[in-house]
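Undergrad: Given next are the chains, with one letter for each unit.
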Amino acid sequence: MSVLSLFIALLIVELTFIMATTSLFIFNAIELPVFATLTILGLIVVILTFTLFKLFKMVILTNKILLKVKGEKVKLKEALRKPRKRYIIFQVVSEKTLSRDEVKSIIDGLIKETFGLIGSGNINAKLISYDENNMKGILRCVHSYKDAVLFALAMASVKTKDKINIIPLKTTGTLRKAREIVKTLSID
Amino acid sequence: MKLQGPVDFCIYFRNVEETLRTINHAFKIGFNTIVISLTLKEEDDLKNIVSKAHEVKSIIKKYNLENVFLRAHLMGSSISWLKNCLRKIRYNFHVISAKPLTVDSLRFTGRDRRVDVIVYENKNLSRFFDKSQMRLMKNTETALEIQFNSLWGPSNYKGLIFNLRRTLSLAIRSNIPIIVSSGSSSLSNIKTPYQLVSLLTVLGIPYPYAKLAASTIPLSIIKRNIHRLSKKHVETGVDIVQA
Chain G
1363 MSVLSLFIAL LIVELTFIMA TTSLFIFNAI ELPVFATLTI LGLIVVILTF TLFKLFKMVI
1423 LTNKILLKVK GEKVKLKEAL RKPRKRYIIF QVVSEKTLSR DEVKSIIDGL IKETFGLIGS
1483 GNINAKLISY DENNMKGILR CVHSYKDAVL FALAMASVKT KDKINIIPLK TTGTLRKARE
1543 IVKTLSID
Chain R
154 MKLQGPVDFC IYFRNVEETL RTINHAFKIG FNTIVISLTL KEEDDLKNIV SKAHEVKSII
214 KKYNLENVFL RAHLMGSSIS WLKNCLRKIR YNFHVISAKP LTVDSLRFTG RDRRVDVIVY
274 ENKNLSRFFD KSQMRLMKNT ETALEIQFNS LWGPSNYKGL IFNLRRTLSL AIRSNIPIIV
334 SSGSSSLSNI KTPYQLVSLL TVLGIPYPYA KLAASTIPLS IIKRNIHRLS KKHVETGVDI
394 VQA
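Heads up: the sequence lines are chains G and R, in that order. The numbering of the first sequence is this note's numbering, which starts it at 1363 and goes up by one. The numbering of the second sequence is this note's numbering, which starts it at 154 and goes up by one.
The set of hints was computed from the structure by calculation and includes no laboratory data. Here a beta-carbon is modelled for each residue, glycine too, at the ideal position from N, C-alpha and C. A couple of the hints might just be wrong.
To be verified - Part of the chain G face toward chain R, derived, beta carbon under 7 Å:
no.: 1; residue: ASP1509
no.: 2; residue: LEU1512
no.: 3; residue: PHE1513
no.: 4; residue: PRO1530
Please put together the full structure from these sequences, using the hints given.
TA: Printed below as a string of structure tokens:
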């Protein structure tokens, strides 16, 4: 039950009490001093109930504000937190062998063209390693933009008219694990 | 092997070797179920596609490929041609999809229960994927498919992204199932399940919903059609129960 409905219920009870005493006084069932005492008592209780209601409301409001501030603090903390990294292991499918510089320029161009200057800045993608023999590499990016990078890599075949395709094989959180996976994972 | 996602709902059939290689790679990069698509245009012969379907089925059997299904991809503008196709080839394929070329055929495919999927078309008809189309598709439980490779044309992508977002939001609001597929035909344009999901995520669709588009929804369509093609099925809600 909410505070407001409780307050209304109490108010109805108190007003009924005052009305009952008044009617008793009208029909001469009680005398004037008793009626006056009871009425004053009833009014005091009404005022007390109203004050309590206001107090309750204030406490609830304060709690809500405190919770909101706490939430904002958590959000701020998340925003100020050092961004986590993701390492995307990928393989290039192409007829001719591509050098590291070529792959780097293709990936940078794709990200820049797809998400623009601000987007590419947020993504902060970097080619960590690339093996020309098996055309596999590791790409680092910010964890919250992993999907954006995957999308940009998917656009490789579209931009190069099916000449080059970049297939992401696995995503990890640490470089060590990524290097381990590069050795084992392959689509050939 | 148990039927499970992720599903590549559209790998176009070019030739046997190329398709086999693409299927193998699709399985390696994470797909568990694959649908091979045979395109049928108005100028094509219906008998040819049926024989092609039998050929692909025999290949699937020969190489013991599990969880590989067939789909007919109809591309046409004439309603009578579409009706004729649906009548003649419906029972040879697991899935029927349509890429209508006119507004009339778009509305017709939205109304016909034999069509499982309508492929989103960006060129001229994008603005006709509107509320009334969604209402038609909702009544017939037709899904909206987005093919990654077919989306990008030579023109600029500004209008494409805008229209795609609008259509997707309309579809979600109207409870239309969305499917995302690669639409690849060779190794050079195959996409991983995560890349397919990323297309929807980049367009602002929540990740859990985007994941459904690459796994649960296409699977449910395949399962529904397997049941429809089985001998037990009589009508929707009516099955033969053996004692």
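Undergrad: Against each hint, give a clear statement of whether it holds in the structure.
TA: Against the structure, the hints:
1. ASP1509: Constraint on G/ASP1509 satisfied, holds at 4 Å.
2. LEU1512: holds, 4 Å
3. PHE1513: This interface hint holds because 4 Å falls under the 7 Å limit.
4. PRO1530: This hint holds: G/PRO1530 lies near chain R, its Cβ roughly 6 Å from the closest one there, short of 7 Å.
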